[in-house]
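Chains A and B supply the protein sequences, listed in that same order. If you read the first sequence in this note's numbering, its first letter stands for residue 1, the second for the next number, and so on. If you read the second sequence in this note's numbering, its first letter stands for residue 1, the second for the next number, and so on.
Bear in mind the hints are in silico, worked out from the structure with no lab data behind them. Incorrect hints may appear among the rest.
Straight-line distance between alpha carbons at most 20 Å, and here's what the computed SDA-like set of lysine to any residue pairs gives [what the hints assert, rightly or not]:
id	chain 1	residue 1	chain 2	residue 2
1	A	Lys82	B	Leu262
2	A	Lys157	A	Gln146
3	B	Lys120	B	Cys62
4	A	Lys82	B	Cys62
5	A	Lys82	B	Leu245
6	B	Lys106	A	Gln193
7	A	Lys82	B	Ile266
8	A	Lys82	B	Gly117
9	B	Lys120	A	Lys162
10	A	Lys162	A	Arg150
11	B	Lys162	B	Leu184
12	A	Lys31	B	Leu254
13	A	Lys82	B	Glu2
14	B	Lys180	B	Ser155
Here the structure is a predicted model, which is why all the values come from computation and not from measurement.
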Amino acid sequence: MKKLILILGCVLALAACDNKKEETQEKPVVKIGAILPLTGGGAVLGASLKAGTLAAIEDKEKKNLKYHYEAIFEDNQQQPAKSATAANKLIASDKVNVLLTFTTGSGRVIAPIAQNAGLLNLVATLEDENAEPMGQTTFWQGPTLQSYQRILINALKKRGVKKLALLAAHVGVACAGTEHLTKLLAKKGMDVQVECFNPSDRDFRLPIQKYVKEGYEYFYLQFFPPQTDIVVRQLYEQNILPQHIFGSGIDTGADISLFENINHVGGNSGTPEFIDRLMNEYHIDNVYMAASAYDLVSLAVDAFENAEDIKNIDEITAYIKEHATRKCLSGECKLFPNGFIANEAEWRTYINGKPIPLKE
Amino acid sequence: MEYFINIGILFCIYAMLALSLNMVVGLSGLVSLAHAAFYGIGAYAVAILMTAQGFNFWGAMCVGMLLNGITAFIVGKILSKFKGDYYAIVSAGLSVIVFSVLLNFKSLTKGPLGIYGIGKPAIAGFHFYSSASFLALAFLFVVLFYALFVLIDKSSFGRALKSLREDEVLTVSLGYKTTKYKSLIFTLSAIMAGVAGSFFASYIAFIDPTSFQLAEGIFFFTMITVGGLSSAFGSVVGAALLLTLPEALRFLGLPYETAAQLQQLIYGALLVLMMAFRPQGLFGKFRV
Numbered sequence: 001m002k003k004l005i006l007i008l009g010c011v012l013a014l015a016a017c018d019n020k021k022e023e024t025q026e027k028p029v030v031k032i033g034a035i036l037p038l039t040g041g042g043a044v045l046g047a048s049l050k051a052g053t054l055a056a057i058e059d060k061e062k063k064n065l066k067y068h069y070e071a072i073f074e075d076n077q078q079q080p081a082k083s084a085t086a087a088n089k090l091i092a093s094d095k096v097n098v099l100l101t102f103t104t105g106s107g108r109v110i111a112p113i114a115q116n117a118g119l120l121n122l123v124a125t126l127e128d129e130n131a132e133p134m135g136q137t138t139f140w141q142g143p144t145l146q147s148y149q150r151i152l153i154n155a156l157k158k159r160g161v162k163k164l165a166l167l168a169a170h171v172g173v174a175c176a177g178t179e180h181l182t183k184l185l186a187k188k189g190m191d192v193q194v195e196c197f198n199p200s201d202r203d204f205r206l207p208i209q210k211y212v213k214e215g216y217e218y219f220y221l222q223f224f225p226p227q228t229d230i231v232v233r234q235l236y237e238q239n240i241l242p243q244h245i246f247g248s249g250i251d252t253g254a255d256i257s258l259f260e261n262i263n264h265v266g267g268n269s270g271t272p273e274f275i276d277r278l279m280n281e282y283h284i285d286n287v288y289m290a291a292s293a294y295d296l297v298s299l300a301v302d303a304f305e306n307a308e309d310i311k312n313i314d315e316i317t318a319y320i321k322e323h324a325t326r327k328c329l330s331g332e333c334k335l336f337p338n339g340f341i342a343n344e345a346e347w348r349t350y351i352n353g354k355p356i357p358l359k360e
Numbered sequence: 001m002e003y004f005i006n007i008g009i010l011f012c013i014y015a016m017l018a019l020s021l022n023m024v025v026g027l028s029g030l031v032s033l034a035h036a037a038f039y040g041i042g043a044y045a046v047a048i049l050m051t052a053q054g055f056n057f058w059g060a061m062c063v064g065m066l067l068n069g070i071t072a073f074i075v076g077k078i079l080s081k082f083k084g085d086y087y088a089i090v091s092a093g094l095s096v097i098v099f100s101v102l103l104n105f106k107s108l109t110k111g112p113l114g115i116y117g118i119g120k121p122a123i124a125g126f127h128f129y130s131s132a133s134f135l136a137l138a139f140l141f142v143v144l145f146y147a148l149f150v151l152i153d154k155s156s157f158g159r160a161l162k163s164l165r166e167d168e169v170l171t172v173s174l175g176y177k178t179t180k181y182k183s184l185i186f187t188l189s190a191i192m193a194g195v196a197g198s199f200f201a202s203y204i205a206f207i208d209p210t211s212f213q214l215a216e217g218i219f220f221f222t223m224i225t226v227g228g229l230s231s232a233f234g235s236v237v238g239a240a241l242l243l244t245l246p247e248a249l250r251f252l253g254l255p256y257e258t259a260a261q262l263q264q265l266i267y268g269a270l271l272v273l274m275m276a277f278r279p280q281g282l283f284g285k286f287r288v
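Given these sequences and hints, build the entire structure.
Written out as structure tokens, the structure is:
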């Protein structure tokens, strides 16, 4: 018992030590608290968003700014509920000036916390453009569900797809969005079969075989890791060609080499130079939503640089409202009245491990 | 200060869960992994009724408790026919079923999109909007649950439960209807878990099924095993420890490239050490 108390005591004592680095910067510091999935299945996405955040800060810091910008990262294990404690820690202990997170769920948990603390809350996510606002200090950026669907329908129509098996995960909008999409595809004369899977499912071979037997040559996938990689591998096992696989969220997979020549709709990944930079400098294979994180952080930095008082959240949000509709790294960005900054979705494929936009 | 208040609120929610689960596992020796299911039912009852039906917190919480009571009574009847590992497996099954319902019954639960905008409790016009007032209210329920645990522990009902925990055959031979006792304590524990779920939904204001998976049930089980089975104080200490330990690790100043991964490694290693040095838990009176 004594040994145990000693061990626990050591951990708590270490934690209590002041770990904060001495401020060597002359400029005042603006801290960006990023709450991302850094462990578990979503870690590949967290790494991408982290790289986008750091790249934005690096680029902004090259200019002569009023403030020094610093990112502090906390893990939420892709669980919205865990985001609340991380946000409270960042606010109380690290005294962050901005919060950044990923997914609508986490954004909605953090929104009231940020609003109460008078802080800006930025969320990278795919959303319905008519979704309810998250709060007065929250702005969310990503492609709209509507733009995803529009691009997808056009691309499938051009390829003459008649029968489509739509496989999706019960995560976020992946499965929830299939109902509307199916109706739209049916209107275009397509025979669509939908099957949603629980996030813990790992074996998709039987449903794949069933659809192949029923004459469904084309598969459309909406999954998150690790399911994305697994389902694609199992489609290949059944001799389905990459040209017969489509998807959204394909770019969330961990092993990008699997997705060569698979056509998919995704959030705009930014310029080829930006993609190269993330892959070479930040050593990530997947650039999912990194451009959205880059845009959000860049916008926040601009807002702080232009504010007379960085503690005045009204001034910060007013700047964002005024400047969010702009030319972004991830395409044309447009602010909706609900606080959603929509960027462009694109139809693309992977060639030699890099996302390449396709002209349709 | 706000951070510590928020940790305090989460502690209260976990303490309620630990106290209620320890009644089943510690006092009765029934290894239940169904707690996440009852926690989820309580949370979703409050979320759905408050956002879609205009209920106030207390009304919604009572409906959640009732729903949990009915579910647990029926499931408890089935579970009371099982013992040991089989009891654990069947109770885990309930957790899986409830999680699947929360995930797939989209018209009611909104599935993986979750429910947001869940309100706070109010009493006689006073709204518990501030974190401090919410903490005070949640703490009051922890005290009530603690008192109930101690009361049951010292009552003839509690003695009968402990007797069936030690030797069910002997307890039956003494004339006790053990299935009735098992079912009763399971139902009471589920109702209490529902209260914790209600507080969680109201506090976090957004819920989705990921908070009510079987893994959460195992986490609650770990809390009482670390704190000590059959001990009210152990339950509270276990909840506090498992909540504060990962939070404390956030302050270790680890390099940010690997901080999240290292935190989980250290957390896991500490749990292993804890169980190696103190398998009965910190204040345990019984080992499964």
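Structure-based check of each hint:
Taking the CA atoms of lysine 82 of chain A and leucine 262 of chain B, the gap is near 17 Å; set against the 20 Å cutoff, the hint holds. At roughly 17 Å between alpha-carbon atoms, lysine 157 of chain A and glutamine 146 of chain A fall within 20 Å of each other, so this suggested pair holds. About 15 Å separates the Cα atoms of lysine 120 of chain B and cysteine 62 of chain B, which keeps this hinted pair within 20 Å; it holds. With a C-alpha separation of about 26 Å, the suggested pairing of lysine 82 of chain A with cysteine 62 of chain B is violated against the 20 Å cut-off.
Taken as a hint, the lysine 82 of chain A and leucine 245 of chain B pair is honoured in the structure, with Cα atoms around 14 Å apart against an allowance of 20 Å. Between lysine 106 of chain B and glutamine 193 of chain A, the direct Cα distance comes to roughly 19 Å. Compliance with the 20 Å bound is thereby established for this hinted pair. Under the criterion of a C-alpha separation no larger than 20 Å, the hint pairing lysine 82 of chain A with isoleucine 266 of chain B is consistent with the structure, at around 18 Å. For a cut-off of 20 Å, the pair hint linking lysine 82 of chain A to glycine 117 of chain B stands: about 17 Å separates their Cα positions.
Restraint check: the Cα-Cα separation between lysine 120 of chain B and lysine 162 of chain A comes to about 50 Å, which exceeds 20 Å; the hinted pair is violated. Restraint check for lysine 162 of chain A and arginine 150 of chain A: the C-alpha separation of about 17 Å stays at or below 20 Å, so the hint holds. A threshold of 20 Å between alpha carbons decides the hint, and for lysine 162 of chain B with leucine 184 of chain B the separation of about 14 Å falls inside it, so the pair holds. A threshold of 20 Å between alpha carbons decides the hint, and for lysine 31 of chain A with leucine 254 of chain B the separation of about 18 Å falls inside it, so the pair holds.
Distance restraint check for lysine 82 of chain A and glutamate 2 of chain B: the Cα-Cα separation of roughly 16 Å lies within the 20 Å cut-off, and the hinted pair is therefore satisfied. Taking the CA atoms of lysine 180 of chain B and serine 155 of chain B, the gap is about 16 Å. The hint holds against a cut of 20 Å.
The structure does not agree with the numbered hints 4, 9 stated previously, though it agrees with the rest.
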